[in-house]
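*Asks:* Take a look at the letters that make up each chain.
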Amino acid sequence: MIYDGNIDRAKELVNVAKKVINKGSSVRYEPFEKRVQLWNDIKQNQDIYESGECGRILDDLDKHYRATYDFALLILARSFNENDDEFPASQVFSEGELKIYEKIEKYDVFEISTKEDIKKRVIAKDKNLLGLFEEYYIQMDKWVEETLDNSDMRLTLRYYLKKKWGEYKQKMNDAVNDLIRDFDWFRVLVNEWVKIEKETTKEDEKPEDESPEQDEEEIIEDGPRFIEIGEAKFYEHNFIGRTKNKLHGKLEFSGKKFKIEDLQEHAEADLSNYINDVSENTIKNIPENKYVIARLIPKKLFRKKPIILKAVFCSRVEKYAKPGFDTYPLELNDINPYISDAMNETKDERMLLCIASPTGFSNEVQDHIGGKEFHQNFLGTVSICLIDLVTGKLITNPHDKTAKEFMEIFALEIDEEKVAKAKKQVTETMIEKGGVRLDDFIKKHGYKKQIVENAFYDLKEEKDYKVEYRRDLGTQWLWKE
Amino acid sequence: MFLLILDYESDAERKRIDYAIERWQHKLKIKKPKGTIIVLDGKQGLIDEFVEDLCSRLEKSEEKVQVHRIKSYMPEIEKNVNKISYQTKEKKDYLEKFIKYLMAKLGASYEYSSEIGKVYKVYTKKGQAKLDISLQGKEDGTNVIIAIDGYGDVVDFISDKINSEMNTFLGES
Chain A
251 MIYDGNIDRA
261 KELVNVAKKV
271 INKGSSVRYE
281 PFEKRVQLWN
291 DIKQNQDIYE
301 SGECGRILDD
311 LDKHYRATYD
321 FALLILARSF
331 NENDDEFPAS
341 QVFSEGELKI
351 YEKIEKYDVF
361 EISTKEDIKK
371 RVIAKDKNLL
381 GLFEEYYIQM
391 DKWVEETLDN
401 SDMRLTLRYY
411 LKKKWGEYKQ
421 KMNDAVNDLI
431 RDFDWFRVLV
441 NEWVKIEKET
451 TKEDEKPEDE
461 SPEQDEEEII
471 EDGPRFIEIG
481 EAKFYEHNFI
491 GRTKNKLHGK
501 LEFSGKKFKI
511 EDLQEHAEAD
521 LSNYINDVSE
531 NTIKNIPENK
541 YVIARLIPKK
551 LFRKKPIILK
561 AVFCSRVEKY
571 AKPGFDTYPL
581 ELNDINPYIS
591 DAMNETKDER
601 MLLCIASPTG
611 FSNEVQDHIG
621 GKEFHQNFLG
631 TVSICLIDLV
641 TGKLITNPHD
651 KTAKEFMEIF
661 ALEIDEEKVA
671 KAKKQVTETM
681 IEKGGVRLDD
691 FIKKHGYKKQ
701 IVENAFYDLK
711 EEKDYKVEYR
721 RDLGTQWLWK
731 E
Chain B
1005 MFLLILDYES
1015 DAERKRIDYA
1025 IERWQHKLKI
1035 KKPKGTIIVL
1045 DGKQGLIDEF
1055 VEDLCSRLEK
1065 SEEKVQVHRI
1075 KSYMPEIEKN
1085 VNKISYQTKE
1095 KKDYLEKFIK
1105 YLMAKLGASY
1115 EYSSEIGKVY
1125 KVYTKKGQAK
1135 LDISLQGKED
1145 GTNVIIAIDG
1155 YGDVVDFISD
1165 KINSEMNTFL
1175 GES
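Protein chains in written order, with the working numbering: chain A, 251 to 731; chain B, 1005 to 1177.
No lab work stands behind these hints, which were simulated from the structure alone.
Interface residues of chain A toward chain B, partial, derived using beta-carbon atoms under 10 Å:
id: 1; residue: Q287
id: 2; residue: Q294
id: 3; residue: I298
id: 4; residue: D335
id: 5; residue: E336
id: 6; residue: P338
id: 7; residue: S340
id: 8; residue: V342
Under the rule of at most 27 Å between Cα atoms (straight-line distance), these lysine-lysine pairs were calculated in the DSS-like manner:
id: 9; chain 1: A; residue 1: K269; chain 2: B; residue 2: K1104
id: 10; chain 1: B; residue 1: K1125; chain 2: A; residue 2: K293
id: 11; chain 1: A; residue 1: K284; chain 2: B; residue 2: K1104
id: 12; chain 1: A; residue 1: K284; chain 2: B; residue 2: K1096
If you're wondering where the values come from, they're calculated on a predicted model, not measured in any experiment.
Virtual Cβ for every residue (Gly too), placed ideally from N, Cα, C.
Input sequences plus hints: build the corresponding full structure.
*Replies:* As structure tokens, this is what we get:
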């Protein structure tokens, strides 16, 4: 199906609803008449949108617009309730719908706080914030997930609140992942909360649901590539680190210049899920599925609109927590959430989504991203570039000019990635044997000569090793004096 | 004696019924019975058997069960409809904005758009009314037609309010 709807009109219609959402619960301080007018405007625009005036809009975007209308109406309905206003039209939402909104809204402090703000407040043992974390771990997250699965609630509201809750959770995870690594007292606290939550869950669960044999079976896995936890973390560090370096201040490639704004780093994974099951060292090694996001402002000459660049390290975190490795490439269900988020996050700007995987991508993913249907349906707003961090293979849609242009940034870096990996392995061999023979190393690990040479020369600078050509060995040799 | 069966959609609507009972209880004998009210229809013998069955299951059933024969009654009430229209030299776009403002001022909620205009609903202390508003753009201005319908005093009450606002806005008295 071709989606040829009028996006500009759809955006124009949804604008009032978005303004109400941006205002949030403080809309209650607006005069009654103003709120009635907002309610009526949103209802009328919703009517127009739902009548199909805007044509066929991409499913994800359509879902987002429909949810935006209902969520804005819910915010207004709550304001009428709170102010004891007589406005019966707003009594269309159930108590459950109003309650979950109120409970999630308590966490809106995470909307405006940065990761650093949150960390500072936790370190200062801010009671309100710690209270929210405690509630989050002991019951809130589970309660929200369960409530949002309740089919009595409007699907549109479930969709919107799930998204909002996901955003807050991510901010919390970003901060918690750092805090549980750096502060023992916080790790102990989270550990206690998680224990309480697990005990409560255990009491609720029936014994017949338990099937320990299955867990054992899961450990014995085989797959096309073996990436263990430390390696995965290493790939994540490198990918995120060098992407951030690349995006420092400005970006220049193929004669094009961009100014970089709003560079941010976040983590998707919630490591506290594993705090009870794995060692402290493992927690520090589990990849966090970090991502870097930034606005690229181009020089006016060749492109007018800014581009959002989102570079994501994507891995199956649960596999690295237990059994400690992953062997399979990412499937569509691993990367689809990122594509849906990208569709929702883009407004007037185009997004270049770069997904990097240490285990590569399944054939199905590669076919889907490279396919004609994807080109027709998605490339209007989102460009996608997949990076296999081990082989260096880059995958884009052949029709996607933006992704092709930007591939260069990542393609250039692939060798550096390999050099970094080679350096790690060379160092290990150095510790073990006191010297590394170039030809042996290439033979054993399958690197190109240039990569190992780069690794040798980097280590020579960093660690005071010697690099020498030895005629008797017939190759270069790295050794310690 | 009459039995009224009132359905309601929300808690707010239930409260409005309670307020109405309060307002009328000094004029009429009104009793809101406790317990369950059952409307029965069928052969008399079966009805007697059913009541007997119920009585056998309740303590002190003679105090708890009352049976009345009822017949349908159509009260003599009619929906009131007022239709007010205005002709103005103002453009349609401008009138649309004014109507939006006016509806917000009345606390009226947008319900839906029909082929000829927009439908709003307003709730006041005198009850609720439906407003059908249609605007016809002309070369030399706009025609505004507002139809107000509802039960009782609310129709005149809302009509007067709208009239007063429209006249002020259109510069008439």
